[in-house]
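Chains as they are written, first to last, in this note's numbering: chain E, 1 to 209; chain F, 1 to 209.
Everything labelled a hint here was simulated from the structure, so no lab data went into it. Among these hints, one or two may not hold up.
Since the list gives no way to pick one copy over another, a pair counts as held whenever it fits inside one copy or between any two copies.
[Stated by the list, open to error] Dumping the calculated DSSO-like pairs for lysine-lysine here, alpha-carbon to alpha-carbon at most 30 angstroms:
1) K61 to K26
2) K26 to K82
3) K140 to K165
4) K161 to K140
5) K161 to K19
6) K26 to K171
7) K171 to K19
8) K19 to K165
9) K26 to K165
10) K175 to K26
11) K165 to K61
12) K140 to K26
13) K82 to K161
Below, each chain spelled out in residue letters.
Number of protein chains: 2
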Amino acid sequence: MDQQYTSALLGRAVDEFAKLPGIGRKTAMRLVLHTLRMEEDAVDGFCSAISRLRHEVRYCKVCHNISDSEVCALCASPHRDKSLICVVENVQDVMAIEATMQYRGLYHVLGGVISPMDGVGPGELQIQSLVDRVEQTDVKEVILALSSTMEGDTTNFFISKRLSKVLADEKRGLKLSVLARGLSINDELQYTDEATLGRSLVNRVPFVA
Amino acid sequence: MDQQYTSALLGRAVDEFAKLPGIGRKTAMRLVLHTLRMEEDAVDGFCSAISRLRHEVRYCKVCHNISDSEVCALCASPHRDKSLICVVENVQDVMAIEATMQYRGLYHVLGGVISPMDGVGPGELQIQSLVDRVEQTDVKEVILALSSTMEGDTTNFFISKRLSKVLADEKRGLKLSVLARGLSINDELQYTDEATLGRSLVNRVPFVA
């Protein structure tokens with residue numbers, strides 16, 4: 001009774017919006033009233049985009065990124081460096097790295113990190129397919145770009161173990177690297193946590209003017 | 001190019017979410033990825049609720065509130081006091097007043113306030129239907145519950161002029177009232193603006209222990 005809608009249709013639409021993460025009932029109400037002011041065509045376009053995505057979504061059979069076809073646009077592109085694989089947790093991470101404009105290789109989307117607390121073991125992740133991919137293609141470097149957390153580090157360690165046979169093959173010369181840890185750009189030294197600061201000291205690099 | 005989606009379906013869904021007010025591209029992406037994790041049925045339920053609302057929405061022919069039928073649940077209710085009409089700007093205001101649990105009368109939703117700057121004149125609002133409603137029914141009090149802004153005050157003044165003939169009829173005894181202006185609950189005096197503080201002094205009420 002504390003939220004009364006004079007219309008069941010309205011109440012249901014608000015309920016649906018409020019189920020989305022980070023959207024409370026007030027925001028849901030604002031969004032619903034916005035859709036009422038939209039053209040009917042625009043609302044249909046909105047609904048069909050969401051519905052089509054959910055029903056027609058596919059994942060690239062090579063890198064497991066979201067894709068419209070069997071192989072995603074990145075894996076299929078002739079402009080990407082196929083000797084590099086960047087291992088990431090999810091689709092957002094692919095976009096975050098693409099946004100840096102600093103990477104021209106391929107990706108491998110794990111679908112998460114190993115987290116026993118959340119019931120996520122190596123079997124739930126695309127680790128076997130990564131190992132297969134490394135063994136079956138002419139990859140020169142695998143870049144581990146997981147979160148700098150306990151779970152990320154555990155997953156990095158697990159992957160390095162699974163790749164140990166290929167890594168030991170000197171003729172193959174596969175490199176395994178990990179994103180640098182250190183000060184964020186614009187960080188002030190006095191406010192940087194000691195673990196990060198310590199790591200940035202240990203991994204210091206030659207100064208380039 | 002600064003935001004690259006490997007899937008056109010994904011990009012389109014993000015675009016659609018990002019068109020909603022207060023939702024940027026990052027939030028849109030988060031919402032889209034959430035819909036991908038939802039059951040297909042749940043996504044269908046979401047889409048159909050939004051779509052049905054937009055296509056099937058109706059407005060109460062008496063008070064112009066959102067309604068599922070010709071006359072809304074509030075106007076049709078035998079438990080509401082039909083001698084009171086509370087004039088509000090929009091549907092959210094009806095819900096805000098309902099949430100106070102202090103009002104058992106009916107409403108009249110204007111659909112906005114007079115605002116020449118935004119091109120909203122009296123003709124765009126449900127003012128004529130309010131006058132008709134007051135003249136044709138046995139209403140005892142009209143409560144003006146518009147925003148306490150220049151536009152709200154202008155609209156209050158305009159409505160009072162349009163109702164002047166009925167208000168002058170002593171036998172009819174129609175009252176026209178307006179929401180009290182004064183300190184917000186929990187406001188500290190020193191931080192209250194002088195216009196509000198001045199009005200709260202002029203309109204002071206007997207103290208009740």
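Structure-based check of each hint:
1. K61 to K26: Cα proximity of K61 and K26: across copies only (26 angstroms, versus 41 angstroms in one copy).
2. K26 to K82: Between copies only: 29 angstroms across, 48 angstroms inside.
3. K140 to K165: within (15 angstroms within a copy, 88 angstroms between copies)
4. K161 to K140: For K161 and K140, the Cα distance is within 30 angstroms only inside one copy (17 angstroms; across copies 82 angstroms).
5. K161 to K19: Classified as neither; 41 angstroms inside a copy, 46 angstroms across copies.
6. K26 to K171: neither (62 angstroms within a copy, 44 angstroms between copies)
7. K171 to K19: So K171 and K19 fail the 30 angstroms test inside a copy (54 angstroms) and across (53 angstroms) alike.
8. K19 to K165: neither (47 angstroms within a copy, 50 angstroms between copies)
9. K26 to K165: Neither: 56 angstroms inside a chain and 40 angstroms across chains, both beyond 30 angstroms.
10. K175 to K26: neither (51 angstroms within a copy, 33 angstroms between copies)
11. K165 to K61: within (24 angstroms within a copy, 76 angstroms between copies)
12. K140 to K26: neither (52 angstroms within a copy, 33 angstroms between copies)
13. K82 to K161: Only inside one copy: K82 and K161 sit 23 angstroms apart there, 76 angstroms across copies, limit 30 angstroms.
Comparing the model with each numbered hint stated earlier shows that hints 5, 6, 7, 8, 9, 10 and 12 do not hold.
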